[in-house]
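Colleague: So the chains spell out like this:
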Amino acid sequence: MNNELNEDHMPTNGLEVSEVTVRYAAPRSNRRGGAAAERASAAVRGVSFGVARGEVVALTGPSGCGKSTLLRAIAGLEPLAGGTVRWAGEDLAAVPPHRRGFGLMFQDGQLFAHMNVAKNVGYGLASRGLTSAQRQDRVSELLVLVGMAGFERRAVTELSGGQRQRVALARSLAPRPRLLLLDEPLSALDRELRDRLAEDLAGLLRETETTAILVTHDPGEAETIADRTLIMRAGELLP
Amino acid sequence: MNRDRNPRWLGRAAWATAVALPVTFLLVFFLWPVLSLMAVGFGGSIGASDPQTPGLSGFSAVFEDARTWRVIGQTLAQGCCGMALSVILGLPAAFVLYRLEFRGRALLRGLATVPFVLPTVVVGVAFTALLGPGAPLEWLGLDQSFIIIVLALAFFNVTVVARTVGGFWAQLDAREEQAARMLGASPVRVFLTVTLPRLTPALASSAALVFLFCATSFGVVLVLGGRAFSNIETEIYRLTVQYLDLRSAAVLSIVQFVIVVAVLLVSNHLRRRREQATQMRFDASQQVRVSREHVPAILAFAVTALLLHVLPIAALVTRSLRDADGNFTLVNYANLVHPPSSSKLGASVFDSILLSLEFAVYATLISMSLGLLVALVASRRPRRLAWRRGIEAFDGFVMLPLGVSAVTVGFGLLLTMHRPLGIGIDLRTSVLLIPIAQAVVALPLVVRTLLPVLRGIDERQRQAASVLGASPLRVLATIDLRVLLRPLGLSLGFAFAASLGEFGATAFLVRPASQTLPVMISQLIGKQGAENYGMALAGAVVLAALTAGVMLLAERLRGSVVSEV
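Listed in order, the protein sequences are those of chains A and B.
Per the numbering used here, the first sequence starts with residue 1, numbered consecutively.
Per the numbering used here, the second sequence starts with residue 1001, numbered consecutively.
Read the hints as simulated data drawn from the structure, not as lab findings.
Here the structure is a predicted model, which means the values were calculated and not measured.
Heads up, some of the hints might be wrong.
Claimed, not checked - Cβ-to-Cβ under 7 Å is the rule here; a few derived chain B residues that face chain A:
hint: 1; residue: S1145
hint: 2; residue: G1469
hint: 3; residue: R1482
hint: 4; residue: R1486
What the hints assert, rightly or not - A partial selection of chain A residues facing chain B, derived with a Cβ cut-off under 8 Å:
hint: 5; residue: P79
hint: 6; residue: G82
hint: 7; residue: Q134
Beta carbons: idealized from backbone N, C-alpha and C, even for Gly.
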């Protein structure tokens, strides 16, 4: 199924990435160089793949291979130098990140330090026409889901590394993103915690039937969490 | 998507407005006046009253005068000595206030913001109250000397060094020093070989800033220096007000502008290096417990604070409470409200207090609203290199008033605002011009307080909010503005205190019937009679209490904020 998608660019009901190229941000590109240097400055080169609804795909490869850049390009945080990103057939080029309905979980969580746990988790629910009681319910529901029940009023600065990532996951899941992008969500944690959270994450994604792309450099983690694994080298997808 | 087009267009329009408002304000009320002033120096005339050939003849006449060179020499000497003393005394203060952990540190840090914002006139009067004629330390013979000027300059700028270098120091990872200690280095060697090299960027940029403050000081030199120690600032004032020699004054303004731009370029270069360096943040605790080896630094800090800061202020307060015979009295304060007939004042000092407060409120409103816009624009990091360069240029332009002397601004406004832009109103008679001039002076302080906090926001925080569905406006409200709440109080305090104590520009613009408190004090001190001197002392105490009170209040409203001033 995977190969069919890649080769034929069939419209799917999920994510379709085709021939995507991303260049490094401005600081590097102002170095002088000819066309060759220009080509070499691409962080992601002509990458195509698809993700069906409900599927969890892992993107692995050595550090610097462009996997995080690709993920950020799908989120809309990096501009495309070429190619298209589509969801259910719609080209997302003109859709800004906050209108894509995608979630992104950062490696270091990026929790808002000036808000407590509940405010963080509820942040993405603000524009959904929910009453505040409904919002609170949803927040509690997600905190139960990630094993952090009762932490609503806690300051995020008091949490341990693992707890922070659980809250960050709950925050990303709360608005029910149609696609969840996970950027090395566990790599800042120590080994033992990482293994346990990987199991939890795998279960959670199945339970909530979330479509997801997981970026990781750890093949074991990819194996545990994802349905299938794509490997990147030097900005390109290995066949 | 169709619904996108509208907000995107709106967003661009909003940013364009945020750039246009402060730029227009500075073009009209800063750049145009300053450039007009320079035109006079090059022989262009304001009005057709003095037909002079355009060219450099004005320059050669001014530079043939030996006095010009003496004034330039004084300016550079005061700048260098003030800077050196401030750095030497500021380093121990930075260490004690930002590196050591002890009870009451927060309070001391709060108090350390006060000297910088005390009006120059107040500090000038305080040093004469301590060292001048009839003062307790008159026997030192420092009245009207070079040393008293340098001491007064250090009074302000020791705290500038302590705050800017200290804020940087507090973020340095202490483990590097611990590693050096474990390799057998003595505390002194660790400081010289590990700490000092790492502090150099912050130290250098702060020294450049302090040099500027010292070389462009007006109030201090006017009150303490007399004619012998005139710097460029006071000389411009003297030439304009006493001799109506606009051309020579303009030439001196240009000389000062050249010095200032040179130093600003150096400082900007150093600051950029420092901002790059600051991006390395560490989570480990950087604070150090007090131990015996810190005694020299603590002693140096304590002696500085007591002798340089507390003593002159204490002398000012005690002498304001005594009459000519040395008896306790409140008559100096009573005279503020009901001036004695001998003082020949147009209005009471109390009236000028109210007027100063009113002006300061307007000036604060102007500088805060413009400063907020500037900080929001200047903290953006667009992807396109051209836009980023544009923002850097914008940031630099807004900082110009920091370097151009207040006297030049006031003088320029006086020259240009009789019919601004061909509009038929004489803005010089409008009470609005003084708050505008004060806002020009306060704007860079506001920006330099807000900007580091905004720049400190991790771009991924905004991205995290954005992927959670927040619109650009909501990202601005929930991330940027939320973080701005902390330095808002501090910048409000800076703006209000700077406006309240502003002297250089205001001195040109006040009308005899409506004078601000700093101008009133400087005039009282120039008049004969013990009553007038007593009123100057009492007025200075009131002005000091107002600015210090505002600053301490602002300090309470702030979190841990690193300011660049």
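Colleague: If a hint holds in the structure, say so; if it does not, say that too.
Modeller: Evaluated hints:
1. Proximity of S1145/B to chain A is violated relative to the hint, the smallest CB-CB distance being about 51 Å (cut-off 7 Å).
2. The criterion of a C-beta within 7 Å of any C-beta in chain A is met by G1469/B, whose closest approach is roughly 5 Å, and the hint holds.
3. Checking R1482/B against chain A by beta carbon gives a least distance of about 6 Å; that is within 7 Å, so the hint holds.
4. A least Cβ separation of about 9 Å between R1486/B and chain A goes past the 7 Å threshold, and the interface hint is therefore violated.
5. Interface restraint check for P79/A: the shortest CB-CB distance to chain B comes to about 7 Å, inside 8 Å, so the restraint holds.
6. Taking 8 Å as the C-beta cut-off, the interface hint given for G82/A is violated, the closest approach to chain B being about 16 Å.
7. Interface hint at Q134/A: violated, since its Cβ lies 16 Å from the closest Cβ of chain B, which is beyond the 8 Å cut-off.
Hints 1, 4, 6, 7 from the list above are not met by this structure, while the remaining hints are.
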